[in-house]
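Chain C is fixed; fit chain D onto it per the hints.
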Amino acid sequence: MLSCREVSALLSDQLDRRLSLKERIGLRLHLAMCRACGRVEAQLRFLREAMCGLPKQRRDAKRS
Amino acid sequence: MAAPRVVAADLEEHRSYLLKFAALQLRQKEVAEDVVQEVFLSALKGMDGFSGRSSVRTWLTSILLNKIADHHRKAGREVSMDALAEADGEDALDALFRKNGHYVDMPQAWRNPEESLADQRFYDVLEACVGRLSAAAGRAFLLRELMGFSVEEICKELRVSTTNCHVLLHRARLRLRACLEERWFASGRRK
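For the record, the sequence lines run as chains C and D.
Using my numbering, the final residue of the first sequence is 64, and nothing's skipped along the way.
Using my numbering, the final residue of the second sequence is 191, and nothing's skipped along the way.
Excised from the complex, chain C in its bound form (with noise of 0.2 Å):
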């Protein structure tokens, strides 16, 4: 069983490369059984989508 430490590099990693076979299944057997790295896996999604919205939302603020 990996640790919720090992998870977090495979949740960083899935943002960057596809992961292994072997990767995602001890991944998703560790996300069934732990709600604080799901909740991480959600909350790094997130965090890429703000920094999508970075330079976007400076713009529009000097605008108004």
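It is worth saying that the hints were derived from the structure and are not from the lab.
All C-beta atoms, glycine included, are put in the ideal place defined by N, C-alpha and C.
One thing to keep in mind: the hints can contain errors.
[Claimed, not checked] Listed below are the simulated DSSO-like cross-link pairs for lysine-lysine, each with C-alpha atoms no more than 27 Å apart in a straight line:
1. C:K22 x D:K99
2. D:K29 x C:K56
3. D:K74 x D:K29
[To be verified] Stretch-level coverage of chain C by chain D, calculated; a stretch enters the list once three of its residues show a Cβ under 8 Å from a Cβ in chain D:
4. 6-20
5. 28-41
Relative to the frame of chain C, chain D by itself:
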């Protein structure tokens, strides 16, 4: 001379991204504007140097990174960007995890995070959190999430292995997650 005009308009499209990247890396808005201006002048002059192998934004960002390094040199401040040492060195995540791999502070649920995307104060906190990252982790993260570099392109730019690249991105994301939780989602700053 139709072709250069098309490319010039194309360059303009990337200005807001370059400005944001420069401001976050230089931490001075006026300097960032000057440096980005220099990038555009260089880019227009050296348009023939654009091979088409990378995207326009990647090409402009490479020029920007050189200009930022020039700026630091002129200011007499050698900014250490030893990504290799940083990725290999002391682990910046030790503070977030116990020895057994559990979180020291259990990640909390964030209530309606989407709402924050419409709040200017949230972006201020996000930028402050990015500013607290170490030099190499911060640069790797911004290249990836702001400038849209591939991991391969980041490795080339920072001159580190793929593994080290993933290590830097992992650290940056987890530290940002913790910082946003502490300073925004769990704090009273949010309405």
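Do the hints match the structure? See the list:
For the given pair, C:K22 sits about 24 Å from D:K99 by alpha-carbon distance, which is consistent with the 27 Å threshold. Of the supplied pair hints, the one linking D:K29 and C:K56 holds, its CA atoms being roughly 16 Å apart against a limit of 27 Å. Distance hint between D:K74 and D:K29 is fulfilled; the C-alpha atoms sit about 17 Å from each other, no more than 27 Å. Check on the segment 6-20 of chain C: 8 of its residues sit with their Cβ under 8 Å from a Cβ of chain D, so the three-residue criterion for coverage holds.
Check on the segment 28-41 of chain C: 4 of its residues sit with their Cβ under 8 Å from a Cβ of chain D, so the three-residue criterion for coverage holds.
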